[in-house]
Amino acid sequence: MKVRSPLLAVIIVAVFVSGIGLSMAFNLWRTEASKEPARYESGEFAGEYNPADIRGSYTFGDIEDTFGVPAQVLGKAFALGPDKAPAAYQVKELEESYGELPDGGEIGTDSVRLFTALYLGLPYTAEETTRLPAPALDLLKEKLAPADIDSLRGITAEPQDLVPAAPEEAVPENTEESAAAGEVKGNTTFGELLEWGLTREQIEGVLGIPMGPRTVTVRDYVKEQGLEFSVYRTALQELLNTQ
Amino acid sequence: MKRKGISLRRVVQIFFLLLITLIAVNHTLEERGIEIPLVGSASLHAVCPFGGVVSIYQYAAAGTFTKKIHESSFILMIIVFALALAFGPVFCGWICPLGTVQEFISRIGRRLFGKRHNNFIPRAADRYLRYLRYLVLGWVIYATAVSGVLVFADYDPYYALFNFWTGEVAVSAFVILALVLLAALFVERPFCKYACPYGAVLGLFNIVRVFGIKRNTDTCINCRACDRACPMNIQVSTAGRVRDHQCISCLECSSETACPVPATVELAAGNISIKKAEV
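Protein chains in written order, with the numbering used here: chain A, 1 to 243; chain B, 1 to 279.
Only chain A is shown next, with the shape it has when bound in the complex (with noise of 0.2 angstroms):
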């Protein structure tokens, strides 16, 4: 039996497309990750999420998703600066907010699965260089012993090191009030518009349809609605500015 080019270049292009198209069909396709943490597989903390698995990708709001730990906290921990939504801020994003600390240490992903895991007292080694911003180590201050604080100062960026603002005014109060209208992207959370100062009312008004979770962008949110993402861009950011 012999193949000769045309056939081969049907058969090729066909191969893919209804491979591609077979695993859609059955819901296999995926291009980003699913968000759902590795689990424990053994021992004391088996089934339960594991924070090794927290990738940069991650949103703070995915970890208050999946971990429960809130992304308000989160955002306290990491000093995040008032122009940032907790909710909507990607893990790594920390490595370029803070990039290498005086000591040859960072603050990134790994900073954020340690926290994570000294926060819920689930087990977790860090790697050497990481290191936790000294808002952080304040708020263990309620969940772990002193002497666990005390060996923990070893690893504890101090405020001067850090890049972002001093933690004490970089940390809001209330973000809702404080934090600054930002520019409507593909990556725009519904957290995000609410915390630059629009009401669900607005959002609403300008999808005409119910608004949806905090930590979904909008682009995907219109998108799965069958909805034009640039429309609504537009009139968002048109109300945005108007604020």
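If you're looking for bench data, these hints aren't it; they were derived computationally from the structure. Since this is a predicted model, take the numbers as computed values, not measurements. Backbone N, C-alpha and C define an ideal beta-carbon position, used for all residues, glycine too. Each hint should be verified, as a subset may be incorrect.
Unchecked claim - Partial pick of chain B residues on the chain A-facing surface, computed with a CB cut under 10 angstroms:
1. Ser7
2. Phe15
3. Leu29
4. His45
5. Lys67
6. Ser73
7. Phe87
8. Ala170
9. Lys214
10. Leu267
To be verified - Counterexamples of contact, computed for chain A against chain B with all Cβ distances above 12 angstroms:
11. Ala9
12. Ser23
13. Glu64
14. Gly99
15. Leu101
16. Gly105
17. Glu106
18. Leu140
19. Pro213
To be verified - Covered by chain A, per the in silico footprint, the following chain B stretches (three or more residues, Cβ under 8 angstroms):
20. 50–57
21. 88–101
Using the hints, position chain B against chain A.
For chain B alone, kept in the frame of chain A given last:
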């Protein structure tokens, strides 16, 4: 060369090149709230079948994917493996956008150097250099399994080519991309021949593929047109069936393209029978 005008293979290559380019661009635009209609916006990692290969160990050991790799990479890996089992590394010869870009550059090289193009490296050295890609493959799989991250991304010219505008590409990947494109002026598909870890994996399917490149020795006139046409420098004229690990199933050697005798070099399963009238 028999063929005039653009080949069907080139059409398929350009289709996948455009598709990957649009997906990569769309992924960036999505961040700004703009989308190209009807084009997916997945990350380049999510639509790379090699991501599935490097994730096999972690998936088997922990049931999770390597960071930035998702189910889509596994599905693409299975599709490409199925095609390779049947027809050999058609992914390399017909789909891979980096292979396509290297071929485009090599067209310039052919004009500059004529017959010397693709023959600069002495055959004795070249023969061994071809196994370098298995060292790269071994290192990539080991390093990925140990670290749990896509270590090859920092050296991957394919990633650099389709992400150069994002600011996420390591300098090392840019340097390797530049070297690959420069080398393509002198050698056909230099990255595929000497360094591509995915090509190394797919090349192994040449040993077991169902449809192989077969030469009918009864009708072959030993003109060696097939040898000259092969971008991977395989000596088709000395083989009954090509099992070389570097074959990319491009069919450039076949009777459809280079071979002047009908039905002499073909992609076939079983024995190729020749009707005397066709010869």
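Hints, one by one, checked against the model:
no.	hint	in the structure
1	Ser7	holds (7 angstroms)
2	Phe15	holds (8 angstroms)
3	Leu29	holds (8 angstroms)
4	His45	holds (9 angstroms)
5	Lys67	holds (6 angstroms)
6	Ser73	holds (9 angstroms)
7	Phe87	holds (7 angstroms)
8	Ala170	violated (15 angstroms)
9	Lys214	holds (9 angstroms)
10	Leu267	holds (5 angstroms)
11	Ala9	violated (5 angstroms)
12	Ser23	violated (5 angstroms)
13	Glu64	holds (21 angstroms)
14	Gly99	holds (15 angstroms)
15	Leu101	holds (21 angstroms)
16	Gly105	holds (19 angstroms)
17	Glu106	holds (15 angstroms)
18	Leu140	holds (26 angstroms)
19	Pro213	holds (19 angstroms)
20	50–57	violated (count 0)
21	88–101	holds (count 3)
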